[in-house]
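Student: Chains as they are written, first to last, in this note's numbering: chain L, 33 to 332; chain P, 716 to 1159; chain W, 19 to 819; chain S, 695 to 974.
It should be emphasised that the hints constitute simulated quantities derived from the structure, not laboratory data.
There could be a bad hint or two in this list.
Non-contacting residues of chain S with respect to chain L, defined by C-beta distances greater than 12 angstroms in every case (computed) [to be verified]:
(1) Arg735
(2) Glu739
(3) Leu787
(4) Val840
(5) Phe897
(6) Glu924
(7) Met952
A partial selection of chain L residues facing chain S, derived with a Cβ cut-off under 10 angstroms [what the hints assert, rightly or not]:
(8) Pro125
(9) Pro151
(10) Gln180
(11) Leu204
(12) Val227
(13) Ala230
(14) Ala231
(15) Ser285
All residues carry an ideal CB built from backbone N, CA and C; glycine is no exception.
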Amino acid sequence: MGSRATVPAWAVQAYGKWQKRRTAWLATGICVAVASLICAPLLMIPGGSMMDGAEMRQILSPILGEGKGFAVWHLIPVYPTIGHFYRLLIESPAFYHLFWNTVGMTAAILLGQLAVGLPSAWAFAAFRFRGRDFLFGLYVVLMLLPFQVMLLPQYIVLQKLHLYNHQTAVILPAVFSTFPVFIMYRGFTQIETEVLEAARLDGAGELQIFFHIGLPLGKMGIQAAMVLSFLEYWNLVEQPMAFLEEQAAWPLSLYLPQITISQAGVAFAVAVMVLIPALFVFALGQDALEEGIAYIGVKA
Amino acid sequence: MQTESKKKLWRGFALFMVAMLIMTYVSRMVYVSRMPRVKWSNPMSASIRNKITAEGTVEAVNAQAVIGMDGLLVETVCVAAGDRMEAGTVLYEVNREDLLAQLSQLEAQEQAWQNQEQAKRREAATNTTRAQEDYDMDVIELDRRIAEETKKLEELMEDLDTHMFRIPEEDASDEIWIAWADERLRFDREIAEKKRMIEDIQLEKEKILRQADRELEDARRAQSAAESGLELGASGISQVRERQERIALLKELSGNEGKVRAKSAGEILEVMMQSGMRMGADAVLRYADDGGSRIFCTVITQEQKPLVHTGDMVQLTFPGSAEEVSETIDSIVQENGGYTVKIRLEPGVAAGRFEGVMELNATSEIYDFVVPVKALRNDGGNAIYVLEEKEGILGTELCVRSMTVRLLDKNEEYAAIADELLTGDIKVVTECDRELENGMAVKE
Amino acid sequence: MMRKGRVLLYIMMCAMCAALWGCGGKEEEIPMGRYADREVKLPPGTFEYMHPCPDGSYYLYGLDTELTYVDVQGESKGKDRNWENNANIHVKYVVGVSDEGASVFAYTPRFWNDEELEALWIAGDTRYLYYYVDEKGQKQALEPHGEGYEKATNLNTFAFSPEGELYAASDTAVYRVNVENGEVESLFATQEQVKSIVFSGDVMLAADAGKAYFYDRAEGKLLDGNSTLDEFLSSHSAGGLVMAVSDRNAHVKIMEDNGAGDAEKAGAPDGEETGASGTNAGDDSKNAQALYMACRTGLYRYIWGGSVIEQIADGQMTALGDTQRSPSALQVLDNGEFRVMFSGNYMVEMYYDETLPARPSKELTVYSLEENGWIRYAGQLFQKEHPDVLVRYETGMDGDNAVSKEDALKNLNTRLLAGEAPDVIVMDHMDIEQYAGKGVLRELDGILQPYLDEGILYRNIVEGMRMTDKEKIYSVPMMVYLPLWLGEEMYLEGEQSLEDIVAGMEQARQKHPEGAILYTPYPKDVLLQTIPVCLPAWTKEDGSLDVEKLTAYYRAVSRMWEIDSAGFDAAGREAWQKNNMEWYAPTDMDMADIGSNYQYSAQQNFGETWLQLGFLMTPQVGMTGIHVSKANMAADWQQKELDDVVTYGAYAGQADNVYWARTIVGLCEQGKEPKLAEEYMNLLLSDPMMRKWWLDKPRNHSGLTIRKDSLGDILDINNIEFGQTMGFKDPTGVNYPDFWPTEEEKQWLYQMMEDADCCYRPGTMLEECATEVGVRVLEGGLTPEEGAREVERKMAIEMEE
Amino acid sequence: MFLLPGLAGVMLFYLLPFLEVVRRSFLQSGNSAFVGIDNYRAVWENGAFVLAVRNTFLYMAVGVPLLMGSSLLLSLLLRNLRLRRRLVSAMLLPMAVPAAVMVLTLQILIDRQGVINGVLTKAAEQIMVIPAFEAIDYLNTEWALVVVVCSFLWKNTGYMVILWLAGLAALPKEVEEAAQVDGANRWQNWHYIIRPGLSGSFFTIGMLSVLQIFKSYREVWMVAGSYPQEHIYFLQHLLQNWYLKLEFDRMAALTVIMSLVLLVVCLCLQKRLEQREENF
């Protein structure tokens, strides 16, 4: 205490500021470094999407078992070409078909999850009923079950419901997935039970509580769930492969599920095209997330 | 700031989606515009009119020969096998010196022979004349004798008559009577004797005349023989004739400056002489006379065989001539790997032609599946593209599928195909505006 | 609250279960009732067409067969109204008959050689002549003439109206023809040839292949079209479409295309099941005015003015679907039945049978991992032979988008486990033992026994498929490949073992220190060429991996690769690989096919001497390929000092008498149609199918058939079918016969087939593993011993599982 | 009432199928004969199972804490940064890349003759002057697990950061500010305010990490195949291979075992967390 007193207040303040800024810079630096590390391999994608097939073959020939030495990668192709994009964007209507399939399916899934998962999550968060813990545990376990095991019984169910080979065969199970419930539940648990009690005492209906307290407060959980769900379903491979026989119903992720070297360029181009909407969704989702947080801040 | 960037983001996102939407249509359009456009038809049940064309040779049925000028030396041969000859075409020339030498020799022989013959003839004529004269003289002599005797006979007859008038009276004595009677008897005897004499002379005359006549005849015969040369005998005569003919020939030849010309039109089949050769009496040249008949021969493949039958009407043309004939096939014989078709031509047809082209419009049996020949491809086998619907990423699309088929028959326009899977309502691609590949999506 | 929630929960669960099973229950039930057909026995003669009379009787006629009347009782009264079978007539093309028996027809004169006709024919003028026979049998020539009628027009379709007026159609117009004087009146133009004409009251409906024309005969004008019908016609006309109306005298308003009430009325049955609406067909025909249409795809009803055309009978399940016949006339009977005449002397009556299931109850499912043309063909053929069966051919891995083999198998297994097994599985690249062991496959001993007893199939090959643990045969390959090498006689001759080949290579290397010996720049190729003949020897009796054998194998191949690599440096090999890269790079499924590789073997060989290991795949093409190859080599290698003549022979690896099984077919134990599956198997094993062996070319590699007689046929140069198909017999085709296998070679080949008893099936785990590790061994990453151990380790995990 | 529609769907599409799995775990796969616990025994006694369990646990034991720790750290750092949104988006990107492309990228990088080895070799030669850097065959040696963990971290860090951030955002800012005003240092701040506040998220994110571990299988499989190096042979491989071998019975048994374990762990964790929450 005494030592502190010797330091002038402005100095303390300045030091604190400086320290704060330094920490901020440091944090930023670290984060940027990590982010760039994470993104570094992805830089191969735009490069690859514009790389001439011959060049790619040449620089990758060691990997293909056709040469000695080590493979290299040109982040900026020596012989750049927009051939792959041309092939993909101009010459492949199938790409668009699948793209819209994916968009449609993902949108349907996300909306469905909102409609179904949100109340479920709310129920788990807001009510304490018998078996809640067990049920919730079950939800978690069901979420964790590998798809391989669920493939067969789900197939049987879908077959029985005459959904097999129809996009709903992918959409419906996804809609009822326990995963968003799980995440959104976490968002709702932040709400203090007292608030709910108080609201109930005030005579608010359950729906009112849900809409006026639950939704705004759980918003970031919802947003997180949506962004994550989007990621999950934007690149869904296994379910459609198992449940959709008809190619016309496929999502984009099955366009090139396996890549041979000759297709690599196009595959990279596809990746770029897939990444663009994802970027938008991230940005917008986060935006909404921010907003939600800000909103909560204001409310609180 | 915050909302603005958010707005921007939303706008960007919307823009991206709209761009994707537009591109969807653009790529569709590109895709469709690059899709081959095909036309199709169902296979028909039809027969195929197959035009079978086969080149063949024209062969003469019987060849004729030009006999060489025996013993003459060929100076130049003017034709070769395969040449066409018209009447008057120079076939070859003989050595004129040789020719003239031979001719003069022959003429000398002939002259000698003529002279000899004339002498013979003259002698025979003399003999005849003499015999005639003998004969005539004999006739005159004998006639004179006959006339003499006849006169004597008549005198006797008159004497007899007179005697008869001097017939004694009835009462004449016996002697008279006897004398008269005796007289009369004498007369009778004398007349009879005379008559016998005349007869004898006449017999003799006949005899003499016959002999004279024979002699005359002999002489005459000899004469005529001499004149006709009969006495040379058959070989002699032919020799003479030959010589004479030969002389005439050689003369004619020399008149033609030693050129031997064709007598009729035809084509040379074979030349069996060469210049400098002395010809024999056998053929030096064989040729097919235009007036003769010919056979058209050609070989057809095993595939064509089922379409060609004995008795089928075919069109024959001969390169180089405007002739076009319809004939029926006479025979089809299997020969080493192919089938030889023979067609006998009318005499005079295809004169001067060695090659011909046979055309046969064969109408096949009715095949179940006939497609335009354009629809047929060959990719290591005969195949057609059939139009099918395919489930793809873009939904149901039309696509072509290659179908291997057996080719039964075809002509320039149509092909008959077979396969267990063919049906009448299969859609066979007949036309396309670019190269197709199996499984390629197409538009109608 | 809590209690309530729990109760609700239970209710929910029950409801869910109920819904689920309820769903299932509904699925089981196939709606009953559909149209079936019975053949009508026709009077003697060859009839093509039928003219329906309104009372249910009909006339039959054919192109050269007399008109025959069959009355309502079905008794034929032939020849009472006959027409003269004119000797001068060659082909009667089209005929029309009226209710009363008057008839009209078109013909061409018989004289083919008639120059004039010939000329006409050549000029494309194939004008018909016509004559008309009235109901009393009076014949008179009909010379169509009149305004708007050109002489060259052919009238192809005739129809008499109920009143006896004659209507005719050319490919451009429809006419009314005065039968007395031949005067023709052009009524309206059409886009295509009108194929069928029906009358309903004053309205005449003429249909071409894409449009329906309505003509009001009373008013004399063309009415508006009907888009519903037009659409239908354009999509259903292929293969013939015939029409009939339920009541010809009723004058109906046809044109009200947009009549809302009608559309609703007609729309209702559309949503229902086919069979259900079929039930009503009979009743409806009495009160509703309808147009019926029959074509390949089925029998359809169109209620006038409606916007739907409903199918009341499925072509696939009736005689209509017979692709060999096309319907030529349709008659609607009062009792809701139909008579359909087919060209080709065939008539059926279609009646509604309530006892039949509405959909084809039989469905044969054939599954293969990869598309196989031969199997697909067999399915189509099978379906043709069994019209009541729908053959579904499914492939797990589609060519365009690479679904991985594991994913495809997973999907297949899902179906198997869910009890929806296909009936027939093509087992190529699948683990047969596994599937047999799990009871998926049916044992085939019973089916195959007759074939083996009669010596039709190569017993040794079939026996090679016997599963060791169960002692039964579960699958049978339809084709096999045989191992073959091709090289210089000096180093190798006759039958060879792997060691011999290595020795031969050593010899060659000594003689030629430079240049490649083996025929490929890729280590993987060497493995692909040798693994098949060694793999069967790697498994011990107890099913475990024989590491020593594997080590020996790796030693041998790495020695081979070493010898080969000694001939040129890495740069050379790389250059060679680069050259090849554009159009030839080894993939898993690629294999060295000696026969078909010859085209580029000559260009690509790198050195002075060479050796090719591979498999004989397509017998004659393969054999001829070898000859061509030999010829090419000899020609091409002269300048490269070929040491000795090029020759070829069989080779054995660690296993003897190996054959490479392909198109391995198994039947499913759980299949829904075991009988059909058996029949399908018999079809596959039949000679006609085997003769189509060349269809089996996923990568242009078909094999040698396991049916002895078929193999003989295939190797018979005079096999006309093959020749025609392959273009050998085509004058434009390639002249293969020069290189055709000789009798000696054929015998040699047969003997090889007789001896082959050791089955190699590609696609096993062991093979994948050994190949993957093998590449590393050849590239020097691992020693042979290490490689073998690595494989052992991986296989150990697999065994453990 | 809120739960019902969701629950119905879950039952239909998850619980019911799961019950089917449970049922099948007592039946033989081919002929559906009841075999009791034979399948369980078969699984238990299976060598591959032991290997797979060991590997999977190792993977989880390494992967989950690493992922959670690193992402928590990052999110704490990111929490108050202005660049946060951009950075998080960047970190999320690997998730959005199609699996196939990601696998291709990985292959290019980690192949024995791949880019990483190339770079390392060069670095060893030029910078550290170590003459012979032995190229590592990452996928075929013990390195395989490292590779798998790294790629797992690479792909999922962003994902987890999002979750952490959501959790952090829910913390009442005032408390923290108040604490800061009170002069609480960083550690105290973390220990007394943030950590308890995040304990709920901790559970969630832990579970999700496990989930992501399970999901990462497909990439592992695509890179290394059905029978990878034995250190990266996971339960999923076993499941997949059993599936391919039609051993659904064992698979079902294994699943039941797995889910039981998971359920127990899950319930325990939840209980503890809740107790703690209540305590707090």
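Student: Which hints from the list above does the structure break, by number from lowest to highest?
Tutor: 3, 5, 7, 8, 12, 13 and 14
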